Structures are given as C-alpha cells and as structure tokens.
Amino acid sequence: MKIDPSMLKPSAIANSNTIKSTKSFILKYQVYFLIGSLLILSILPLFTNRSYILGVFCRIFLYSILAGALNTINGYSGQFCLGIAGFFCVGAYSEAILSTAAKMNFWIILPIAGIITALVGLLVALPTLKMQGIYLAIVTLGFSEIARLLALNWTSLTGGPMGIKGIPVPEIFGFALKTSRHFYYLYLVLAVIFLFVTSRVIRSRIGRAWMSIREDQLASKSLGVFTSRYKAINFMYGAFWAGIAGAMYAPYVRFIDSTYFTLDEGWNILSMVIIGGQGTLIGPIVGSVIVNYLTELLRPIGQWRMVAYALLIIVMMWWRPQGLAGASNSIVAVKGETRMRHRKVSRKEAQA
Amino acid sequence: MKKTILLLIVVSLVAPMLFAAGQSEAADTNVIKLGVLAPLTGTNAEYGKGFEVGMQMAVDKINAAGGANGKTLELVVRDSKGDQKESSDLARQFADDMSIYAILGDFTSGCSMANAPIVDAAGLVQLSPTASNPNYAGMSPYTFSIMGRQDSEAPFFARYIIQKYLGLNKVGVIYINSDWGASSYSNFKAEADRIGLNIVSAVNYVQDEKDFSSLITKLRAANPEVVLILDQGAVPQIINQIRGTGWNVQLATLGPGTSEQLINLTGKNAEGLVLSTPFFFDEADADLMAWRKEFVSKAGFEPTIHPVCAYDTVYLIKAAIEASGSGEITRQTIRDNLAKVSITGVSGPLKFNEPGDLTREYMICAVENGKYVVKEGFDYAKQ
Numbered sequence: 001m002k003i004d005p006s007m008l009k010p011s012a013i014a015n016s017n018t019i020k021s022t023k024s025f026i027l028k029y030q031v032y033f034l035i036g037s038l039l040i041l042s043i044l045p046l047f048t049n050r051s052y053i054l055g056v057f058c059r060i061f062l063y064s065i066l067a068g069a070l071n072t073i074n075g076y077s078g079q080f081c082l083g084i085a086g087f088f089c090v091g092a093y094s095e096a097i098l099s100t101a102a103k104m105n106f107w108i109i110l111p112i113a114g115i116i117t118a119l120v121g122l123l124v125a126l127p128t129l130k131m132q133g134i135y136l137a138i139v140t141l142g143f144s145e146i147a148r149l150l151a152l153n154w155t156s157l158t159g160g161p162m163g164i165k166g167i168p169v170p171e172i173f174g175f176a177l178k179t180s181r182h183f184y185y186l187y188l189v190l191a192v193i194f195l196f197v198t199s200r201v202i203r204s205r206i207g208r209a210w211m212s213i214r215e216d217q218l219a220s221k222s223l224g225v226f227t228s229r230y231k232a233i234n235f236m237y238g239a240f241w242a243g244i245a246g247a248m249y250a251p252y253v254r255f256i257d258s259t260y261f262t263l264d265e266g267w268n269i270l271s272m273v274i275i276g277g278q279g280t281l282i283g284p285i286v287g288s289v290i291v292n293y294l295t296e297l298l299r300p301i302g303q304w305r306m307v308a309y310a311l312l313i314i315v316m317m318w319w320r321p322q323g324l325a326g327a328s329n330s331i332v333a334v335k336g337e338t339r340m341r342h343r344k345v346s347r348k349e350a351q352a
Numbered sequence: 001m002k003k004t005i006l007l008l009i010v011v012s013l014v015a016p017m018l019f020a021a022g023q024s025e026a027a028d029t030n031v032i033k034l035g036v037l038a039p040l041t042g043t044n045a046e047y048g049k050g051f052e053v054g055m056q057m058a059v060d061k062i063n064a065a066g067g068a069n070g071k072t073l074e075l076v077v078r079d080s081k082g083d084q085k086e087s088s089d090l091a092r093q094f095a096d097d098m099s100i101y102a103i104l105g106d107f108t109s110g111c112s113m114a115n116a117p118i119v120d121a122a123g124l125v126q127l128s129p130t131a132s133n134p135n136y137a138g139m140s141p142y143t144f145s146i147m148g149r150q151d152s153e154a155p156f157f158a159r160y161i162i163q164k165y166l167g168l169n170k171v172g173v174i175y176i177n178s179d180w181g182a183s184s185y186s187n188f189k190a191e192a193d194r195i196g197l198n199i200v201s202a203v204n205y206v207q208d209e210k211d212f213s214s215l216i217t218k219l220r221a222a223n224p225e226v227v228l229i230l231d232q233g234a235v236p237q238i239i240n241q242i243r244g245t246g247w248n249v250q251l252a253t254l255g256p257g258t259s260e261q262l263i264n265l266t267g268k269n270a271e272g273l274v275l276s277t278p279f280f281f282d283e284a285d286a287d288l289m290a291w292r293k294e295f296v297s298k299a300g301f302e303p304t305i306h307p308v309c310a311y312d313t314v315y316l317i318k319a320a321i322e323a324s325g326s327g328e329i330t331r332q333t334i335r336d337n338l339a340k341v342s343i344t345g346v347s348g349p350l351k352f353n354e355p356g357d358l359t360r361e362y363m364i365c366a367v368e369n370g371k372y373v374v375k376e377g378f379d380y381a382k383q
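Chains as they are written, first to last, in my numbering: chain A, 1 to 352; chain B, 1 to 383.
Hints are computed from structural coordinates only; laboratory data are not their basis.
Note that the structure is a prediction, hence the values are computed from the model and not measured.
Note that CB positions come from ideal geometry on N, CA and C, so glycine has one too.
Among the hints, erroneous ones may be present.
Straight-line distance between alpha carbons at most 35 Å, and here's what the computed DSBU-like set of lysine-lysine pairs gives [stated by the list, open to error]:
hint, chain 1, residue 1, chain 2, residue 2
1, A, Lys178, B, Lys371
2, B, Lys340, B, Lys49
3, B, Lys49, B, Lys71
4, B, Lys298, B, Lys268
5, B, Lys61, B, Lys351
6, B, Lys189, B, Lys61
7, A, Lys178, B, Lys164
8, B, Lys218, B, Lys268
9, B, Lys375, B, Lys49
10, B, Lys218, B, Lys293
11, B, Lys371, B, Lys170
12, B, Lys71, B, Lys268
13, B, Lys293, A, Lys178
14, A, Lys103, B, Lys298
15, B, Lys210, B, Lys293
16, B, Lys351, A, Lys178
17, B, Lys218, A, Lys103
18, B, Lys33, B, Lys61
So, partial list: chain A residues that the calculated Cβ filter (under 7 Å) puts toward chain B [stated by the list, open to error]:
hint, residue
19, Ser42
20, Arg50
21, Ser51
22, Gly55
23, Lys165
24, Phe255
25, Asp257
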C-alpha cells in the first residue's frame, strides 16, 4: 500500500531523507533506547520530590495516552476525530460518579470507565460509518460539545455546574496513592501498558486493517476488509483509552467540572498528535513531550505562547504533514493536493 | 547538521528542567513572598489585571508604611489563564518553593477548587478574593475566600429587595448556568418559596451565550412584574436585549455589583435597575475616591468589587503575619492566624467563619440618571 514516490513533491523527499539517518540509528538500537528511557523514568522520582516537576511528568504521561488514543483513530485508520475531549469527559465522569456515589474501588472502576467510554465510542461510530473527512470531523466535534453540555446540565448525576468534589484517591492494598510521586508511578505504568497493548494491536490483523483503510478505503474493501466493522472497532479502541485516561485523571485532581473538557482541550490533544506525528507509536509521545515542555518553557512570554503553538503547527503542516515522528511511508505524509491526486489515480486503477 | 539540530532540540527541552530543579531554595528572611494566581490572559484577563493592580497597590502601601511586622511583602504573580491545569501546575510550583508563604487567588472557583488538594497537602494557605462556589472554602483548612457566600445574598435579595423594597410578587429569573449562577438561583428559590414569592418563570444559559431573545420571549410570556438577572458578564447584553424588544418591566440584578461598565454599556436602558451590593464607591467618601482614582490611573479601567477584594486579601495576610507578634512566621502560623483575624477592609468587615469564607452584609442600590444611588444601607435588613 505504499505510495509511488513520484507522487511526492521533491521537497517532501528531501525532508524525509533528513530524518532518515537519525531514525535508522534509533531503530537499530530500539531495545536499548526503550530500556534506557524506562530505567531513567523509573528512578527519576528518587532524585527529586518537587511536586511541580513530577506534576509536569504526570501531565506528559497522561497526554501521551490521550494523544496516543487519538492517534489510533486519526493516525492509524485515517478517520478525522475532533471529539477526543468528549471521550476524556465520559471517562473522567464515569470514574468520579462511580467512586463517589457508588463508592467503588478505583481498580474496578478503571476498566469499567474504559468500557463505558468504548460503548459511547461505538454510539458515535455507528451512525457515522459512511462519513469521511470533514463530515465525520464535524459530527465528532458535535459529540464533544454534547458530552460537555450533558455534564454541565445533568445536575442530578454530574453535579451540573458545581462539578464533583471529594473524589477518593486510589489505594493499593490499603496504601493510598496521594502524593505526586505516587501518581507519577501510576501514570508511568498505565502509559507503558497503553504503549505495549497498542503496539500489539497495531501489528495484529486489526491494526493492519486500520492502516489499509487509511491508505485507501475502497482498495481495502475490494481486498475483503470489512471496513465498517474495523472502523467501529477503531473508534471503540481509541475511546477506551481516552476513557482510561479520564478515569486516571479524576482522582488525581480530586475535583472535576465540565470546564475541564472544553473544545480547547480537544485542540490541545490534536495539536500534540499533529506536531508529534501521526501513524506511529512514538509520534504522540513526542508531541506530548514537546507541547507540555513548551508550556513550561514559554511561560515567561505569556499570551505569545499561543502564537508560538500556532506557528509550530503551521510550520509542521508545511514541512512535515505527518508530524515530527509520523509515518513517512503512508498517506498521512502526503500533502493535501497530492493526496487528492493520489486518491483519483488509485481509484481509476481500482476501476480498471 | 541533523545531529546539531537534534542536539539543540534536546538541550532546549532539558535545560528548563535542570534549571527548575537547580533553583536555590534559600529565602531572604526579611522578605515574605506571596504567590499570586490570576488569569492575566484569556477570557477573564480583565479580572486578572485587576487582581495584579489591586494587590500591588496594597503591597506598596504596606511596604511604604514599614511592612508587616517589619518584613517586606513581595508578590510573585503567575498567569493561570483561568485554566485549572495551568493553575494547578503553578500551585504546585508555589507549594515546592518554601519562600512562598501563602497563595492569593485564583479568580475562578474551578481553578481554586482544583488547587485545594495541592495546598492542603503542602500546608499552604490559598486565599481567593473571588471564588464563590459554596463548596470551595470547606474543602481544606487551608482554603479561604472573601467573596461572600451566595446563601446570604440571594435570600437577602428575595426577602428585602423584591418583597420589601420593591413590593412585588411575580418574579421572572434569568441566570447563568455556572457554579455561581446555579447556587445563587437555588438559594434565591429556597427563600422565595419560604416567604411566598412567586417565581413565574426561570430560564438559564451557558457561558458565552450572546443571543438571549428566545429566553426573553419565554420570560415575557409568563408576565412577571420584575425580572431578576443572575450573572456578572452578560448582564449588560441581557438588559439591552430586554429593552430592545420594547419590554418595560422592572429589572433587578444580582452579581455585577455597582459596575461602571454596566452603565457604560447599557446607557439609558439601565435606568431604574435595582441591585444588591456589599460595597459601593460612595462619592462622599474621600478615602474611597482616592483609592478608586489610584486604581484607574494604574489599571486604566474602573474597578469593580473584584480588585477591591484582591486588595483586601493582602491586608488579611498582613494581619495574619502581625498576629504572630515576635514569634516565628511559617505557612502554618499564617493559616492559624488568618482563621482568627478580624479587620475592616475596603470591601467591608472581614472575619472568616468556620469553613473559611464569610457572610457579608448588603445594601440596596438603584440606577438613577446614569448613576448608582444607595437606596437603603446595611441596616435595612435589621429594621
């Protein structure tokens, strides 16, 4: 399903070469890099107990999962979802409600919140299976706002504008996870689980089906891929992990209300995917690290931060549409105009 | 080249971390630093600016008069953008920095409540001038607010303004669906039910709504004698749109206080508007006028009650520091003394109740000839 290199503009080829050598270097020693960075991350809290620094790391882990979940939808199956904040919202409220009203244990709620969110993801996916591109994007955008407004107005369940306070912290065998250091490890472990599971799924039959849908839906259908089923699974998978992220987040902040889950949150996560890279596992992590670091790095310049983000996204779209560490050998690496031409050509080929 | 770029990226990302980790924690014992969380950018930027100017005025005055217990106060102002996550990150930064003795802020209840577990764990006071969610102050012994609880103002409004002062019975309510709006309305409704006031229609809207015509039509159909608006930001638009439809009903509002901006934006439409306020820039009060003049010259806009409260929070902290006498000043002594002190600030008498917020008294104002006029003073409710 590779694109004919002649389709690419010369500049795109030059750019992909620029990173190629660094990339092959990293790929060659991939295992060492992985073990090394895990080792560093797991001993880091022993050197610092500053809750600010650990808080920034917690945010990076959390957004790695959220951006990674969005990437399975936008990056791997090529659907355009703008509603990730809505899934995040459903997951967080599920955890908050079940732990405060039903007094359930965090570890039981965690998968339940994921499953609830996955079912909501299915509800969004079913009526939109035949939609593509901008139409799907608008529907998911609408869903995100509906989720937030439900949280704001369903007062008896969600506390309405008062939010939900006093969300209990998780416990392991009677040991309460309270400090930043505890949450650092919880988030790290969950982020690693997410990466591991997703890497297995991506290499499975399901993951390959997603990628074939991304490259050319018509062609993959003609090769016997049941596209609508795989698209629905894809939405559910992304929603599941966004829900898990929400369920991790609620006990961390101990108080949630609907203002956490605005469209701005969705743009924030989307910008991580766009900057970091679509269609690779490492991309959203890179995006999460860059965006969250930049937030801290550029704090002194105040409102100009937003301008810097915008510039970064524009430059990225222009220089590397697949993102910094995105999948260079896929359709996400092709710029809009060329992509249209590619679709037309391949459709003609399919008809011929 | 590629490797240089990669290296530069890595260095620029790692550098701030190392910098943050390596910051010296040694504190000057003659300076007491106060962390300020305020939305200096974003939709609430105007209020954040008001915080900054109001608090700086108080600090300048205190330091010029010899400081608190001989120690100089210093503000460390950070922009929270009105975003809970940013605000929490900054609160953690303050919590880590042992030279910070107390946090003043944040502006919204949402941010302040998100920070409550952080300040609770750090044993650091977070004194918000404006957080009005009734749940906020009780979340931790370290959380305080001086905005005044809605469970006193809204009942006051029902009993003394609508029933006693205006002498009306059929009320239409339009309120913002936020933590503040919802708690104001439920308090108002509870008191209205108790005293036999008839709420003929109640409608609400979400933040940033611009067109209220359908809500106004609905209210008008219920034919109330008075329309009560519960909001801060959107009050001028609602007044203009009600008058724009040619509806000449009595208007009342709870929330904006005596805001000059409201009169500027509504002009003649605000004539006859009745409102409650814990505080009023009385032109006969020379000290208050001097305060207002100084604020306008520094901020470039007219103050509302928010910067006044912000100003008062600094004086509360000063009182808490002075209450330690010659003893050592720590985060804990500031908290313990803050819960006990009683001062009269620009915004009125300040004394915390058990959860850490306060019950204010209100007066009744009306707009006459484009100006706020006090109709009934603080003692109206006692008569």
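Cross-check of the supplied hints:
no.	hint	verdict
1	A:Lys178 x B:Lys371	violated (53 Å)
2	B:Lys340 x B:Lys49	holds (29 Å)
3	B:Lys49 x B:Lys71	holds (26 Å)
4	B:Lys298 x B:Lys268	holds (29 Å)
5	B:Lys61 x B:Lys351	holds (22 Å)
6	B:Lys189 x B:Lys61	violated (43 Å)
7	A:Lys178 x B:Lys164	violated (51 Å)
8	B:Lys218 x B:Lys268	holds (24 Å)
9	B:Lys375 x B:Lys49	holds (31 Å)
10	B:Lys218 x B:Lys293	violated (42 Å)
11	B:Lys371 x B:Lys170	holds (27 Å)
12	B:Lys71 x B:Lys268	violated (50 Å)
13	B:Lys293 x A:Lys178	violated (48 Å)
14	A:Lys103 x B:Lys298	violated (51 Å)
15	B:Lys210 x B:Lys293	holds (32 Å)
16	B:Lys351 x A:Lys178	holds (32 Å)
17	B:Lys218 x A:Lys103	violated (41 Å)
18	B:Lys33 x B:Lys61	holds (16 Å)
19	Ser42	violated (17 Å)
20	Arg50	holds (5 Å)
21	Ser51	holds (5 Å)
22	Gly55	holds (5 Å)
23	Lys165	holds (6 Å)
24	Phe255	holds (5 Å)
25	Asp257	holds (6 Å)
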